[in-house]
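Residues per chain are reported as follows:
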Amino acid sequence: MEEIWNLRQVHLLQGLTPPQMDEVLRIMPVTSFRKNEYIFLAGDDADALYVVQVGTVKVAYVDLNGEEKILSIFQTGDIFGHLFLGKYRTRIGNAQALSDVILCRLVEADFTNLVQRFPQIALNFIRHQADEHRESIARMHALMSMDAKHRLLGTLLSLARRYCCYESDWFTLPESLTQEDIANMTGLNRSTVSLLINELRRQNILGGTGRSLTVNRKAVEQILEDKGSEILE
Amino acid sequence: MKKLTLFLGDSDVDTAVKYMLEQWSAANPGVTLTSESIHADPTPVVRLGITELPALVLDEEVIAQGAPEKWVLPLLDRVFTPDVASD
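Each protein sequence line maps, in turn, to chains A and B.
Residue 637 in our numbering sits at position 151 of the first sequence, with consecutive numbering throughout.
Residue 167 in our numbering sits at position 26 of the second sequence, with consecutive numbering throughout.
Please keep in mind that the hints were generated in silico from the structure rather than gathered at the bench.
If you're wondering where the values come from, they're calculated on a predicted model, not measured in any experiment.
A couple of the hints might just be wrong.
Straight line, CA to CA, 30 Å or less: simulated BS3-like cross-link-like pairs of lysine-lysine [stated by the list, open to error]: (1) A:K555 with A:K521; (2) B:K143 with B:K159; (3) B:K211 with B:K159; (4) B:K211 with B:K143; (5) A:K713 with A:K635; (6) B:K143 with A:K635; (7) A:K704 with B:K211; (8) A:K704 with B:K159; (9) B:K144 with B:K159; (10) A:K713 with A:K555; (11) B:K159 with A:K521.
Same shape as in the complex, but just chain B:
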């Protein structure tokens, strides 16, 4: 089981990304998705070295951040689909 964490702020873009990832994770049972508001606890953002929002973290490693239109769907398809299929 892969643990995916989305760090996000209050912007409309962040909310849209959260919605898209939730839809995606619902169809991919091999992945657990957690959304974390940076305003609830900003410390992990610094610890992980995140510099742009929204940011996606896979098992404590930042795999994408900022400009979500460039990475959300392509990245999920490329990184997770083969593993999820084999789970």
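Excised from the complex, chain A in its bound form:
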């Protein structure tokens, strides 16, 4: 039976025809990782980028005090590990599976060939980079200028927009993302994040119980807009 590859959510491949997508995916080896396994480590030589098919991946580094700082979270359809395509050729963070993960791996030489054969991939890649850059600016702005509550809300809204299942006005965050992870992303400690989440749940801005965390998108957007700190839209 003819294999029909199907990676519709991969931003990198948007706009390609099914035969083109089939061709691209045949040269991307598929690998799996168990929860907590490392995909690469900071300092490793880098020669491949990854596309997430299933699961959640965290890229983080450990500072001189031994504290983990999360650089980004990636889910289905996301591309990561591509920063080596510039002039810096080593990994800047550890990539770790937060759940069972399936990835497609694309080495530099194959990426170069694909871009030459299918210019749409280059365009998709530039768009992906532009979005990532804009979100990085928004996160930097939030970390520099906002108080703890608004920093947390800005981070949750950013995560919700990128990764979550949309159900009415509420987003559900992946349960593989812990409060510790959220604290690391916001530059807050875990107890502060826990207190704020409980307070925001009481105000019906956040929802869910235990590890399930939902975000009232409109409410959060309004709060950030009132604070003058919503810069992504």
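Based on these hints, arrange chain B on the given structure of chain A.
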């Protein structure tokens, strides 16, 4: 005979779903259930377009994935019971 394949990882939820489906299939002889660990061979997951686990595939078509509490028992009852009864 319908061929049902469950793709799963190592999580407790996936293990629970596997147990439930095995119990269900034991009582439904018109269906053959196979469980496939994504770590044994992840390639079919990409080929089938699965993006969440656990995922249930019926004759090469993904019929449900992710959030199993929402679909396991209702889906099995709705999709298979009439056919199995007529087998």
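Q.
Hint compliance check: list the failing hint numbers for this structure, sorted ascending.
A. 6, 8
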